[in-house]
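Trainee: Given next are the chains, with one letter for each unit.
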Amino acid sequence: MKNTWTITRKEFRSYFDSPVAYIYITFFLMLSSWLFLRGFFLVGQASMRGFFGILPWLLLFFVPAATMRLWAEEKKLGTIELLMTLPVKDHEVVLGKFLASFFFLTVTLALTFSLPILISVLGDPDGGAIWGGYIGAVLLGASFLAIGLFVSSLTENQIVAFIIGITLIFAFFIVSEEFVLYNAPRPLVPILKFLGLGAHYDSIGRGVIDSRDVIYYLSVIGFFLFLNIRSVESRKWK
Amino acid sequence: MAGDRTRLGTSSLLLVGIVLAVLIVVNLLSVNRFARIDLTENKEYTLSESTKRMLRGLDDVVSIKVYFSKNLPTYLVTLNQAVRDLLDEYQAYGKENLLVEREDPADDPELEQRCRVLGIPEVQLQIFEKDKAEVTNAYLGIAVLYEDRSEVIPVVQGMENLEYDLTAAILKVFRKEEKVVGFLVGSEGPTLEKGLAGVKGALERQYRVVPIDLARGGPISTDVHTLIVASPKNLSDAALYAIDQFVMRGGKLLAFLDPIEIPEGSIQALAKRSGLENLLERYGIEVGANLALDARSNANASFSQGFLMFSMPYPFWVRVLPENADPNHPMVNKLSGIVLPWTSTVCAAADAPETVLIDTLLMTSEFAWMKTGGYDLNPQQRFQDAPREPQEKLPLALAASGIFPSFFEGKPIPTIDETDGAAAGGSETISRSAETQVVAVGSANGFLDDMIGQFPANRVFFQNAVDWLTLGDDLIAIRSRAAVDRPLREISEKGKALARFLAVFGVPILVVLFGLVRFLRLRNRRAAALAAEERSA
Chain V
1 MKNTWTITRK
11 EFRSYFDSPV
21 AYIYITFFLM
31 LSSWLFLRGF
41 FLVGQASMRG
51 FFGILPWLLL
61 FFVPAATMRL
71 WAEEKKLGTI
81 ELLMTLPVKD
91 HEVVLGKFLA
101 SFFFLTVTLA
111 LTFSLPILIS
121 VLGDPDGGAI
131 WGGYIGAVLL
141 GASFLAIGLF
151 VSSLTENQIV
161 AFIIGITLIF
171 AFFIVSEEFV
181 LYNAPRPLVP
191 ILKFLGLGAH
201 YDSIGRGVID
211 SRDVIYYLSV
221 IGFFLFLNIR
231 SVESRKWK
Chain S
239 MAGDRTRLGT
249 SSLLLVGIVL
259 AVLIVVNLLS
269 VNRFARIDLT
279 ENKEYTLSES
289 TKRMLRGLDD
299 VVSIKVYFSK
309 NLPTYLVTLN
319 QAVRDLLDEY
329 QAYGKENLLV
339 EREDPADDPE
349 LEQRCRVLGI
359 PEVQLQIFEK
369 DKAEVTNAYL
379 GIAVLYEDRS
389 EVIPVVQGME
399 NLEYDLTAAI
409 LKVFRKEEKV
419 VGFLVGSEGP
429 TLEKGLAGVK
439 GALERQYRVV
449 PIDLARGGPI
459 STDVHTLIVA
469 SPKNLSDAAL
479 YAIDQFVMRG
489 GKLLAFLDPI
499 EIPEGSIQAL
509 AKRSGLENLL
519 ERYGIEVGAN
529 LALDARSNAN
539 ASFSQGFLMF
549 SMPYPFWVRV
559 LPENADPNHP
569 MVNKLSGIVL
579 PWTSTVCAAA
589 DAPETVLIDT
599 LLMTSEFAWM
609 KTGGYDLNPQ
619 QRFQDAPREP
629 QEKLPLALAA
639 SGIFPSFFEG
649 KPIPTIDETD
659 GAAAGGSETI
669 SRSAETQVVA
679 VGSANGFLDD
689 MIGQFPANRV
699 FFQNAVDWLT
709 LGDDLIAIRS
719 RAAVDRPLRE
729 ISEKGKALAR
739 FLAVFGVPIL
749 VVLFGLVRFL
759 RLRNRRAAAL
769 AAEERSA
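Chains as they are written, first to last, in the working numbering: chain V, 1 to 238; chain S, 239 to 775.
Hints were generated in silico from the structure; no laboratory data involved.
This structure is a prediction, so every number in the text was calculated from the model and none was measured.
The reader is advised that the hints may include incorrect statements.
Mimicking DSS-like on lysine-lysine, the simulated pairs with C-alpha atoms at most 27 Å apart in a straight line are [unchecked claim]:
| id | chain 1 | residue 1 | chain 2 | residue 2 |
| --- | --- | --- | --- | --- |
| 1 | S | Lys290 | S | Lys410 |
| 2 | S | Lys414 | S | Lys432 |
| 3 | V | Lys193 | S | Lys333 |
| 4 | S | Lys410 | S | Lys510 |
| 5 | S | Lys471 | S | Lys649 |
| 6 | S | Lys572 | S | Lys510 |
| 7 | V | Lys193 | S | Lys417 |
| 8 | S | Lys510 | V | Lys193 |
| 9 | V | Lys76 | V | Lys193 |
| 10 | S | Lys281 | V | Lys193 |
| 11 | S | Lys438 | S | Lys471 |
| 12 | S | Lys510 | S | Lys438 |
Far from chain V, by Cβ distances over 10 Å, these chain S residues were calculated [stated by the list, open to error]:
| id | residue |
| --- | --- |
| 13 | Glu279 |
| 14 | Arg354 |
| 15 | Asn375 |
| 16 | Gly433 |
| 17 | Ser540 |
| 18 | Leu595 |
| 19 | Gly691 |
| 20 | Arg727 |
| 21 | Ala767 |
For every residue, glycine included, the Cβ atom is placed at its ideal position computed from N, Cα and C.
All chains should be modelled from the sequences, with the hints used to inform the complete structure.
Mentor: In structure tokens form, the structure reads like this:
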């Protein structure tokens with residue numbers, strides 16, 4: 001646990017040591033607020049629904065960007081061999097990297113708190129629904145991170161990690177979208193609906209936390225972290 | 239060595255498979271035992287217990303088709319979202335036995351035809367854009383289908399009662415056992431065949447309607463769920479006893495009372511009491527021996543004089559304005575245009591039992607008064623001069639729920655015939671009812687065939703009343719939802735621009751500043767470290 005924590009701190013710090021993180025956060029905040037506010041005054045409701053509606057699509061691009069470096073760079077620079085010769089276990093490294101990117105995402109999301117503050121000045125929003133939305137965003141984001149991190153461990157090219165990451169997350173996200181379900185064969189519908197990262201986000205996004213959705217997200221996170229550990233371990237038998 | 243690697247690889251894949259299997263099992267288990275926490279302030283997304291129970295009880299696929307147009311005006315965007323959210327909640331509990339599909343009939347002639355057959359109309363909506371009002375057509379209906387049965391909500395107007403309507407619709411299409419509605423006959427009033435054929439048709443689509451004849455006393459069969467008494471006349475004590483004991487056993491009673499009797503061809507009416515009034519009074523419902531008149535809100539009545547037909551505002555035909563129907567009661571809050579002709583007042587009795595909760599459903603406008611005694615029904619009389627009495631809102635219909643005391647408590651059981659001494663059914667009087675409901679309306683004439691032709695809302699009211707009572711156990715607990723509206727304060731264009739600017743650039747500027755400060759501090763620290771190194775060197 002101590003090792004994990006050390007790695008988390010090191011990776012988290014390294015985000016902020018380069019200007020990339022600041023550009024990343026600034027861009028994310030500006031884009032999300034701008035997209036959200038475009039329709040906000042038109043609908044005229046003191047609600048964050050619109051924001052949480054566009055968030056998955058933003059995270060789809062931002063999360064792989066935040067995770068692509070984590071393994072690919074180590075592989076490219078060869079530091080992975082060094083890292084793995086240290087007296088730390090594989091799962092500690094995986095968990096450390098995941099937590100670092102998780103905290104980075106949480107900080108980014110926390111900085112969007114200016115929006116609910118602004119909305120409470122302009123109207124009387126439902127606090128519970130907004131908290132629900134953030135919980136949903138964190139769970140969804142963490143699942144994206146786990147997938148992105150796993151993909152990063154498969155390659156030493158960051159761009160490849162970025163693109164495959166987006167593709168895989170996108171695929172997982174849209175299988176439960178209406179237009180996919182509409183064209184899918186009937187027996188597959190419930191399975192696709194269950195598998196989709198998006199379907200589980202809907203109800204949390206409006207403030208209803210369902211144990212099934214939480215268990216699903218934790219399963220996705222757990223499974224991809226496990227795959228990540230396996231993939232890191234695979235250097236022993238490849 | 240190579241064999242070792244293959245073995246490691248295979249075992250690794252096997253492990254992945256095992257982990258995946260465990261996760262699938264955990265998720266499958268979680269599907270059946272789940273909890274939902276609603277974080278919203280007003281528990282906006284929490285379904286009532288009865289809806290959840292109904293949804294869990296589904297053991298076959300019921301399908302809900304939402305026929306909403308895609309291009310709705312902006313003011314309906316929130317409603318559209320709210321409907322979607324509510325159906326998501328239904329889906330969460332109905333799981334695979336609830337199939338929710340959304341379709342837009344606008345560009346699909348086949349679907350449009352289907353909507354017409356189902357009874358979902360295309361409605362005209364006003365859109366205000368750039369200070370211009372335009373009219374657009376759209377669909378806002380929902381159909382609930384099961385096997386060959388269908389129930390529709392033709393136009394979703396708001397969220398207030400959508401849960402009630404949806405749950406009622408599902409209950410109706412998915413009914414397992416047919417509920418029985420009894421109709422009291424033989425009291426010289428109108429019958430289901432003569433005079434009430436219109437409402438009968440509506441009832442038979444959902445219930446088994448049986449005639450109840452109490453001429454030989456009771457008891458009323460325990461199969462009967464709801465008893466309708468329309469325009470009763472001279473009910474015998476034995477009949478009253480049977481009705482009372484029916485209510486005591488938890489039966490639901492729907493009473494349409496007639497305060498007057500109009501001899502054929504006459505415009506002078508006689509007061510009429512059936513005996514049911516005494517029973518109702520004991521239950522906490524006072525049926526006035528009067529006629530209500532409304533000077534402002536009334537319907538036109540047609541009369542003939544010789545060969546001349548004329549139509550004129552007739553204060554005896556009270557038109558209930560939407561604002562005078564209980565806004566929280568699903569039985570009436572969506573209805574406008576209910577007309578109660580020749581109606582008496584129905585209000586909570588002064589000494590109503592504490593165990594009974596009474597909701598006034600329908601009222602006159604505040605320009606109403608009552609007439610008692612001799613009734614001159616002539617439409618040409620000078621109504622405006624007549625009321626010297628204070629004008630006020632008068633209650634015309636109510637719903638009572640709770641535990642009712644028996645009218646026959648402590649009284650001997652009435653017999654049909656003194657000579658044979660046959661008991662009127664039941665050997666022991668039940669003195670307190672189970673939890674049940676009674677609905678009383680001051681007019682029966684309003685539901686006759688020619689009246690519901692003129693005033694279609696009356697038929698809907700009749701049907702709602704029977705539904706509310708008969709499906710009641712499943713529906714009563716469904717509260718009406720508060721509107722899901724959280725509007726922004728009025729704000730000038732300048733204010734909006736400022737808000738936009740702050741939201742888009744405020745925090746990012748702070749982030750950039752923080753980054754710069756950190757960068758400068760790092761640089762200084764490095765420079766200092768370098769200088770120290772140089773010095774030591």
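Trainee: Okay, which hints does this one fail, numbers in order?
Mentor: 2, 4, 6, 7, 8, 9, 13, 20
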